[in-house]
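Going by numbering that gives the first Met the number 0, the first residue of the sequence shown is number 0, and it counts up by one from there.
Hints are supplied without guarantee of correctness; some may be wrong.
[To be verified] FRET-style restraints, in silico, Cβ to Cβ:
1. Ala-87 / Val-60: 37 to 45 Å
2. Ala-87 / Ala-28: 33 to 41 Å
3. Gly-141 / Ala-87: 17 to 25 Å
4. Lys-37 / Glu-97: 30 to 38 Å
5. Val-120 / Tyr-146: 17 to 25 Å
6. Lys-39 / Thr-147: 37 to 45 Å
7. Gln-8 / Tyr-88: 36 to 44 Å
8. Ala-144 / Arg-91: 37 to 45 Å
9. Lys-37 / Ala-74: 25 to 33 Å
10. Glu-97 / Gly-136: 30 to 38 Å
By construction, these hints were calculated from the structure, which means they are not laboratory data.
Computed from a prediction, not measured in an experiment: that's the story for all the values here.
In this text, a Cβ means the ideal position worked out from N, Cα and C, and glycines have one as well.
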Amino acid sequence: MLKIDPTAQVSPLADVEASVRGTLIAIGAHSVIDSFVKIKPAGGNGNLVIGEHVVINSGCVLYTGQGIRIGNHVAIAANCTLAPVNHAYQDRSRLIREQGFLPGRGGIVIEDDVWIGANCVLLDGAVLRRGCVVGAGSLVRGELAPYTVYGGQPLRVLGERQ
Numbered sequence: 000m001l002k003i004d005p006t007a008q009v010s011p012l013a014d015v016e017a018s019v020r021g022t023l024i025a026i027g028a029h030s031v032i033d034s035f036v037k038i039k040p041a042g043g044n045g046n047l048v049i050g051e052h053v054v055i056n057s058g059c060v061l062y063t064g065q066g067i068r069i070g071n072h073v074a075i076a077a078n079c080t081l082a083p084v085n086h087a088y089q090d091r092s093r094l095i096r097e098q099g100f101l102p103g104r105g106g107i108v109i110e111d112d113v114w115i116g117a118n119c120v121l122l123d124g125a126v127l128r129r130g131c132v133v134g135a136g137s138l139v140r141g142e143l144a145p146y147t148v149y150g151g152q153p154l155r156v157l158g159e160r161q
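Could you put together the complete structure from these sequences and hints?
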């Protein structure tokens, strides 16, 4: 089921697939889904619930998998991947793509007032508590405490003295 609040803006160049399993994809009030965002129900029966005043920038991919819950006032920069799903691979006598999926680790939870930098990957079991900032290029697969700044190293200006 696909529910988009009338005040939300979904680019005509975004690709939001409806679930064939009947799971919910909900986009809250005043949220923005930019061009070239891909939302794909795959890898589980989880819902995707996007809160209010959320911005998901161009090139992001969200697989519903075991579920994604995004709070309010969240900013997700370009080219991020949210993948709350894990392929099974243990049976060497079968191709990985034929083995289905492993049990979930709770999906992905992003609380209110979170900023996720460009090119980040969030995996099944990621929990970003209120006020987190995730630096560009980070991989998150566990829980970040409230108001944590995570990932990357401080930038050094060329020629700067140590």
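Original post:
Is the distance from the Cβ of Ala-87 to the Cβ of Ala-28 consistent with 33 to 41 Å?
Top reply: Check passed, 38 Å falls within 33 to 41 Å.
**OP:** Determine whether the Cβ-Cβ distance between Ala-87 and Val-60 falls within the hinted range of 37 to 45 Å.
**Re:** violated (21 Å)
Original post:
For the pair Lys-37 and Ala-74, does the Cβ-Cβ distance stay inside 25 to 33 Å?
Top reply: violated (18 Å)
Original post:
Does the hinted range 17 to 25 Å hold for Gly-141 and Ala-87 at CB?
Top reply: Because 21 Å falls inside the window, the suggested range holds.
**OP:** Check the following: the C-beta atoms of Lys-39 and Thr-147 are separated by a distance inside 37 to 45 Å.
**Re:** violated (29 Å)
Original post:
At the C-beta level, are Glu-97 and Gly-136 separated by a distance inside 30 to 38 Å?
Top reply: holds (33 Å)
**OP:** Mind checking the hinted window 37 to 45 Å against the Cβ distance between Ala-144 and Arg-91?
**Re:** Given range 37 to 45 Å: holds, Cβ gap about 39 Å.
Original post:
CB of Gln-8 to CB of Tyr-88, is that within 36 to 44 Å?
Top reply: About 39 Å separates the Cβ atoms of Gln-8 and Tyr-88, which means 36 to 44 Å holds.
Original post:
Are Val-120 and Tyr-146 spaced within 17 to 25 Å by their CB atoms?
Top reply: holds (22 Å)
**OP:** Could you say whether the range 30 to 38 Å given as a hint is met by the Cβ separation of Lys-37 and Glu-97?
**Re:** Cβ of Lys-37 to Cβ of Glu-97: about 24 Å, so the range 30 to 38 Å is violated.
Hints 1, 4, 6, 9, counting from the list given before, are not met by this structure.
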